[in-house]
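**Student:** Here's the letter readout for the chains.
There are 2 protein chains.
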Amino acid sequence: MSVLSSHVLGEWVTPDAEGRPMSDAVTGEEIGRLATEGIDMAAVAGYGRRVGGPALRELSFHQRASLLKALAGYLREHREELYAVSARTGATTGDAKFDVDGGIGVLLAYASLGKRELPASGPWLDGDVVPLSKGGTFLAQHVYTPLQGVAVQVNAYNFPVWGPLEKLAPAFLAGVPSIIKPATPTAFLTAELARLIVASGLLPDGAVQFLAGSLTSSSGGDLFDHLTEQDLVSFTGSASTARRLRTHPVLSARAVRFTAEADSLNCSILGPDATPGTPEFDLYVGQLVTEMTVKAGQKCTAIRRAFVPAAQADAVVEAVREELAKVIVGDPVAEGVTMGALAGLEQREEVRRSLKSLMDGAEVVFGDPEQVEVTGADAQRGAFLSPVLLRGSPDSAAVHEVEAFGPVATVVPYASTGEVVELAARGQGSLAGSVVTADPEFAREVVLGTAPWHGRLLVLDRTDAKESTGHGSPMPQLVHGGPGRAGGGEEMGGLRGVAHHMQRSAVQGSPDMLSAITGRWVPGSARTVTDEHPFRKHLDDLRPGDTVVGGPRRVTEADVEHFAEFTGDTFYAHLDAEAAAANPFFGERVAHGYLVVSFAAGLFVDPAPGPVLANFGVDNLRFLTPVRFDDELTITLTAKQISPRASAAYGEVRWDAEVVNGDGAPVAKYDVLTLVAKRDA
Amino acid sequence: MSVLSSHVLGEWVTPDAEGRPMSDAVTGEEIGRLATEGIDMAAVAGYGRRVGGPALRELSFHQRASLLKALAGYLREHREELYAVSARTGATTGDAKFDVDGGIGVLLAYASLGKRELPASGPWLDGDVVPLSKGGTFLAQHVYTPLQGVAVQVNAYNFPVWGPLEKLAPAFLAGVPSIIKPATPTAFLTAELARLIVASGLLPDGAVQFLAGSLTSSSGGDLFDHLTEQDLVSFTGSASTARRLRTHPVLSARAVRFTAEADSLNCSILGPDATPGTPEFDLYVGQLVTEMTVKAGQKCTAIRRAFVPAAQADAVVEAVREELAKVIVGDPVAEGVTMGALAGLEQREEVRRSLKSLMDGAEVVFGDPEQVEVTGADAQRGAFLSPVLLRGSPDSAAVHEVEAFGPVATVVPYASTGEVVELAARGQGSLAGSVVTADPEFAREVVLGTAPWHGRLLVLDRTDAKESTGHGSPMPQLVHGGPGRAGGGEEMGGLRGVAHHMQRSAVQGSPDMLSAITGRWVPGSARTVTDEHPFRKHLDDLRPGDTVVGGPRRVTEADVEHFAEFTGDTFYAHLDAEAAAANPFFGERVAHGYLVVSFAAGLFVDPAPGPVLANFGVDNLRFLTPVRFDDELTITLTAKQISPRASAAYGEVRWDAEVVNGDGAPVAKYDVLTLVAKRDA
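Residue numbers (our numbering), protein chains in the order written: chain G, 59 to 739; chain X, 59 to 739.
Some hints here could point you the wrong way.
Taking lysine-lysine pairs in the DSBU-like style, the calculated list, with each CA pair at most 35 angstroms apart, reads [claimed, not checked]:
| # | chain 1 | residue 1 | chain 2 | residue 2 |
| --- | --- | --- | --- | --- |
| 1 | X | Lys736 | G | Lys155 |
| 2 | X | Lys173 | X | Lys727 |
| 3 | X | Lys173 | G | Lys192 |
| 4 | G | Lys736 | X | Lys727 |
| 5 | G | Lys727 | X | Lys736 |
| 6 | G | Lys524 | X | Lys192 |
| 7 | G | Lys127 | X | Lys727 |
| 8 | G | Lys524 | X | Lys173 |
| 9 | X | Lys736 | G | Lys524 |
| 10 | X | Lys127 | G | Lys736 |
| 11 | G | Lys127 | X | Lys524 |
| 12 | G | Lys192 | X | Lys192 |
| 13 | G | Lys384 | X | Lys127 |
| 14 | G | Lys192 | X | Lys127 |
| 15 | X | Lys524 | G | Lys173 |
| 16 | G | Lys727 | X | Lys127 |
| 17 | X | Lys736 | G | Lys173 |
| 18 | G | Lys127 | X | Lys736 |
| 19 | X | Lys127 | G | Lys155 |
| 20 | X | Lys727 | G | Lys727 |
| 21 | X | Lys384 | G | Lys727 |
Treat the hints as calculated values from the structure; they're not laboratory data.
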């Protein structure tokens, strides 16, 4: 049998070794072998750092986002090839789409986040400028810079496409090269993904390497032995492997970032209001069956513990049994099959062993762990297993500790809200939980009570059911991971996952220094005032610090009264002297805040047609000193941040606006947001 | 000699054991002993979880912030007692203030952050609502909830007051009980701090426990053995101890959060522009001497590697020698002494050993490691050491790897910007670095080049010098920690340090469910419209969802022309039909954005005097659809978040404002911020 090739140091390498076999989950036939003999692991890490990292960091966030989008498009074009191979992992077409399309969706989500939320140039800033001194000469800004190492991505066997892409996307966007290590049983599918990624020719050399086999090569050593302070490891898999990898001496000696996402004993909680006949009861049953059967229950987020009010336990068991009876197990490509095989025979044995332990505290109420009727395949040669529903006692330790990583869940009755919150915690940390209820008070108590133990919690009810993505689906915008048994890690979560690949540093200095370093004008820095109004400058010519000063303009009583009449804003503080005098902040009549910003616009605007296309918003407007009659207002508007849009003829300009009164006291501070045309547009 | 008492399970306990001795750093006399024999570590952890945690979580962020403030006040009143004991650790009065006042400052900073930035009730929300569906029935919100375990805080000997308070403040504000473990050499000073905290009677029972000795008690076991998924460990100390603790089998088995802050080979970089005679040259020399001598150089942030342009190396060495010659070493309470003792004789031996290793790659150019003239004390009995300046080669491995944790630094010449960035990285991860230059371009290159290796970077120049807090001072608002050798951890950083004590969870559901769970009105949720205008309601009576709908109001050409004339905002898009037609977003003349929000205010305001006191700002205003002539505007204003201020007669109300046109298309979305009086005010 042929050994899968690895893509390392810019080329495909096929080890000359016997390797470990991979089998077709449906037929049991050997598909190929895995080996990394002869691969120099130190060189692989070094190549990522020396070639991939600099190439990625050479690109902007927006450029990297564009490449992710292009890659997503390429994979979408070739997804049928991935679906075809998926079937050999035991996956139905639905399962394959979940895996393949889900992975492509993560690439697209990160592409979009990168373009929308990350800066066109300069470092990514975390939070606002931090004032550190009274005189304003000393302040700080937190910045994110990409780690200068490699991201070693150790994947699980259950999502051979989504898993690697979910780890690759944030790393790539951050500017950190990836080394993809697939899990043995389904490595042949991840190899197909790697083949497509390389064949696309889209990504810079060294940005992605693929190790089709163990991280330890008899001749090349252990990759972990070669990791350094700027590398990171993100692991998905079993809690026991996570534990072993986490304590690798090199990781602890060099404080290498390690994040783990381990399967966990996730729970789904039925609310007491959701009695039979309610939409929530049906949603609960339907979701439980889905979670048991999608990917044959091989999902680290799947429901293992189904907590239901004691009074409803019989009804839930009955309803779930009824649905499970409709499940057709078999060859995933055979007509009518709704649940495929487990990833392999070893995995099936493991599930059966776990089921035996579970049966200490629970009884089987549906399915036979030892046999199942199979459509279109041989039940013994393929890794087929019946869905198995158990019913257990809340006091059983096994129910809360033993995970059967297959189409298996246990219904557990609970007596009170307090009890079910405690039962959820007995899972010792979960990736995902769900509460199915139409009662907001119950949802609030359970969600806030169980949140410390969960990375994600879903409240499912009749309102969101139709659009809900369900208990088991991690979303790129949301954190994926959980405390304790779930690994203690966090992935994705939108930009949070990008930040996990970067170093956050506090940079202290004078305003001018921070402006120079961040590329964003920092209040207190030098302003550039010239004869040319900055609204006359195209995006390319505008520089942070370009400033226009307008005013002074006197605000009269007549102005205020007129504005009140014109807009209808007759709030007492503007018109009623007696009431205004009693106001704790004003003491006398004052101008409208909206009048102040309207006058300010009149003072800073350069009216003739030009590169400024629109004012699309205002941020962080604060009224700081009341404007009294006959106060004279001066506005200073300074270009703060200039963000070209890659695929548009314009970009965004964020202006710092400061209005002061005749005493120089700040009246209003805000950011004005405009769209400004590029020069050649 | 007496054994120090621990404060555990709500009472002071004095172990009946011989214990480990602590010595006066100045005289060498024994001060007392440390032991934890007989203390049941499982019970200590359990007490924190069972008594301290629930008591803390019962309080709001604002209440916990008030307690931190009160504690700061109490400690400030008693700070002379802490100064007095500090002298016995070898600290000068200046050192003691750095430690004691710095620690009190951290408490105050967190008190202020808690009141200003954290919600008055409900969970702390992370980021915005995340839309997850087209129809808007399914969305998500990340929330932070406090971990339900204990924070085990393992402190270093160099900051016996600041260290524990820097760890306590964010934990306490998060709602997580602390177990304080002092470092042996200076535990007697931390014990004094613990005595004051307990004597203050301010903090809830179980919120702070103090273990005056080892975490392993011969009869009580190892505290780490009893940690669980919801606990966390924050360690400050040596890199080697960090490595050992990090791999504790219970920590890895249960994915207990572990953060380490280890001393590191921090560098300070002199810019090529900063030649002798420039203010930056003098600042560099002055700062280096300060960092070498404050706390006798026992600061994990102190400068160990002084990188200077090769051409300036002689001049820097000469200038630093000159300043070091003025340092007076001795009994910290003796007249004229400017540098005290190291924490103990063991520490001095350790520094001398490190100096021997350093001398492989560097030569001593100031000071004698073996002897020093001492004022007011015995040079051999007290842990005194001369400041030692070395001059080393950039190629010397020892210079980048060996840390002498005392008044020791090495001047290293560099040839180019690229080289100095690489040299900085050879420290393998640092807490703090500094660049002393007046050249913004050099600062930018060096800061962004070295940021991946640093938790904090200071740019020092003539502008910020006067207000700068200096290279070695961690600030509560800024992250403290660094990658690799510096431990890979992160502490403080303002609210970031609070988040490190909480679980971040993504909560998915319908808008109404998310509103109920977060206590904040989520767009898409039910609105409450009654005959009573919400501006008539006092803060106590207002509820998220309370809504007023105003309009429709037609916007006419005359309105726009009048507004342009009145405000002076004659931007072409409002007045010039031809130019507006050419605008890519408008195609015809449109109304001013400021006119839209002014009219909107006219539509939602209830003008009569009442509980609404002021509109203090607007957030996230976005203009979404241009307003054309004769469009009719309707505004919907909904109370979104209601935040009483603890010590004021009013609170803040954040309103969701949405303006739509006659087609129902969104014209503008924003948050209106008002101050609203409490009922009994």
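**Student:** Given the hint that Lys127 of chain G pairs with Lys736 of chain X, test it: the Cα-Cα distance must not exceed 35 angstroms.
**Tutor:** violated (52 angstroms)
**Student:** Lys736 of chain X and Lys524 of chain G: Cα distance at most 35 angstroms?
**Tutor:** Given pair Lys736 of chain X, Lys524 of chain G is violated - Cα atoms ~41 angstroms apart, limit 35 angstroms.
**Student:** Are the Cα positions of Lys192 of chain G and Lys127 of chain X separated by 35 angstroms at most?
**Tutor:** holds (21 angstroms)
**Student:** Decide if the proposed pair is consistent with the structure: Lys384 of chain G and Lys127 of chain X, CA atoms, cutoff 35 angstroms inclusive.
**Tutor:** Not satisfied, since the Cα-Cα distance of roughly 63 angstroms exceeds 35 angstroms.
**Student:** Holds or violated: Lys127 of chain X and Lys736 of chain G, Cα atoms, limit 35 angstroms.
**Tutor:** Judged against 35 angstroms, a Cα distance of about 52 angstroms means the pair is violated.
**Student:** Is Lys524 of chain G within 35 angstroms of Lys192 of chain X, Cα to Cα?
**Tutor:** Given pair Lys524 of chain G, Lys192 of chain X holds - Cα atoms ~11 angstroms apart, limit 35 angstroms.
**Student:** Is the hinted pair Lys173 of chain X and Lys727 of chain X satisfied, with a Cα-Cα distance of at most 35 angstroms?
**Tutor:** holds (28 angstroms)
**Student:** Given the hint that Lys127 of chain G pairs with Lys524 of chain X, test it: the Cα-Cα distance must not exceed 35 angstroms.
**Tutor:** violated (49 angstroms)
**Student:** With a cut-off of 35 angstroms on the C-alpha distance, tell me whether Lys524 of chain X and Lys173 of chain G pass.
**Tutor:** Given pair Lys524 of chain X, Lys173 of chain G is violated - Cα atoms ~40 angstroms apart, limit 35 angstroms.
**Student:** Compare the distance between the alpha carbons of Lys127 of chain G and Lys727 of chain X with 35 angstroms, and conclude whether the hinted pair is satisfied.
**Tutor:** With a Cα-Cα distance of about 30 angstroms, the restraint between Lys127 of chain G and Lys727 of chain X holds, given a limit of 35 angstroms.
**Student:** Need the status of pair Lys736 of chain X, Lys173 of chain G: alpha-carbon distance at most 35 angstroms?
**Tutor:** violated (44 angstroms)
**Student:** Verify the proposed pairing of Lys736 of chain G with Lys727 of chain X, using a straight-line Cα cut of 35 angstroms.
**Tutor:** holds (27 angstroms)
In the structure shown, a violation is registered for the earlier hints numbered 1, 8, 9, 10, 11, 12, 13, 15, 17, 18, 19, 21, in ascending order.
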